[in-house]
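Take the sequence shown: its letter number 65 is residue 64 in numbering that gives the first Met the number 0, and every next letter is one higher.
Calculated from the structure, these hints are not laboratory results. The C-beta atom is built at its ideal place from N, Cα and C for all residues, glycine as well. Where hints are given, some of them may not hold.
To be verified - With beta-carbon atoms standing in for the labels, derived distance ranges:
#, residue 1, residue 2, range
1, ALA95, HIS48, 28 to 38 Å
2, LYS16, ARG101, 10 to 20 Å
3, VAL88, SER19, 10 to 20 Å
4, GLY78, SER19, 29 to 39 Å
5, HIS48, GLU91, 35 to 45 Å
6, ARG101, ASP80, 13 to 23 Å
To be verified - Calculated cross-link-like contacts (lysine to aspartate or glutamate; reagent style EDC-like; alpha-carbon spacing at most 16 Å):
#, residue 1, residue 2
7, LYS16, GLU56
8, LYS42, GLU21
9, LYS16, GLU85
10, LYS16, GLU60
11, LYS42, ASP28
12, LYS42, GLU56
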Amino acid sequence: MSFLHEEYGTDAEIYRKPFSSEVIADCGDPSAHEVLAACGFVKQTVPPHYVWHQLPEGLSEEEQKRSATRAACLLRARGFDANVAEDLVSEEAVAAVREEVRRRRISGAATSSSPTAGPVAPPARPDTTAPASPAVPSTYAHRGR
Numbered sequence: 000m001s002f003l004h005e006e007y008g009t010d011a012e013i014y015r016k017p018f019s020s021e022v023i024a025d026c027g028d029p030s031a032h033e034v035l036a037a038c039g040f041v042k043q044t045v046p047p048h049y050v051w052h053q054l055p056e057g058l059s060e061e062e063q064k065r066s067a068t069r070a071a072c073l074l075r076a077r078g079f080d081a082n083v084a085e086d087l088v089s090e091e092a093v094a095a096v097r098e099e100v101r102r103r104r105i106s107g108a109a110t111s112s113s114p115t116a117g118p119v120a121p122p123a124r125p126d127t128t129a130p131a132s133p134a135v136p137s138t139y140a141h142r143g144r
């Protein structure tokens with residue numbers, strides 16, 4: 000048994016199993032497994048080495064697309080190299096996840112810079128005992144008049 004993410008050299012691949020309606024997601028990173036589970040994928044295993052995720056049976060085509068697209072977008076937002084098969088892409092889900100990620104980033108930035116967010120360490124003072132490094136020569140050429 001081989002996984003597409005290993006064949007393609009990516010962190011995660013989300014695709015429809017050939018000649019089936021099953022939507023499969025395979026990846027090797029435990030953090031990616033958490034994202035997949037949060038998007039509705041169910042963990043499957045064949046001990047001792049094989050772990051993958053698939054969407055539960057009975058979902059509509061649109062629900063499959065929404066879950067697969069959401070998973071791929073959230074994995075990418077976390078820095079994973081994740082691909083989703085073209086037939087599983089939902090443009091509406093892409094727009095919704097972009098907005099969700101944008102809101103989280105704005106909310107996170109506002110929380111971390113809020114005066115009520117907790118104590119913030121003062122910036123480190125420069126080390127005045129270290130010898131100064133030589134200045135880097137400028138590549139800017141002055142124009143003559």
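The hints, checked one at a time:
no., hint, result
1, ALA95 to HIS48: 28 to 38 Å, "holds (35 Å)"
2, LYS16 to ARG101: 10 to 20 Å, "violated (33 Å)"
3, VAL88 to SER19: 10 to 20 Å, "holds (19 Å)"
4, GLY78 to SER19: 29 to 39 Å, "holds (30 Å)"
5, HIS48 to GLU91: 35 to 45 Å, "holds (37 Å)"
6, ARG101 to ASP80: 13 to 23 Å, "holds (21 Å)"
7, LYS16 to GLU56, "holds (13 Å)"
8, LYS42 to GLU21, "holds (13 Å)"
9, LYS16 to GLU85, "holds (13 Å)"
10, LYS16 to GLU60, "holds (14 Å)"
11, LYS42 to ASP28, "holds (13 Å)"
12, LYS42 to GLU56, "holds (13 Å)"
Comparing the model with each earlier hint shows a violation of hint 2 alone; every other hint is respected.
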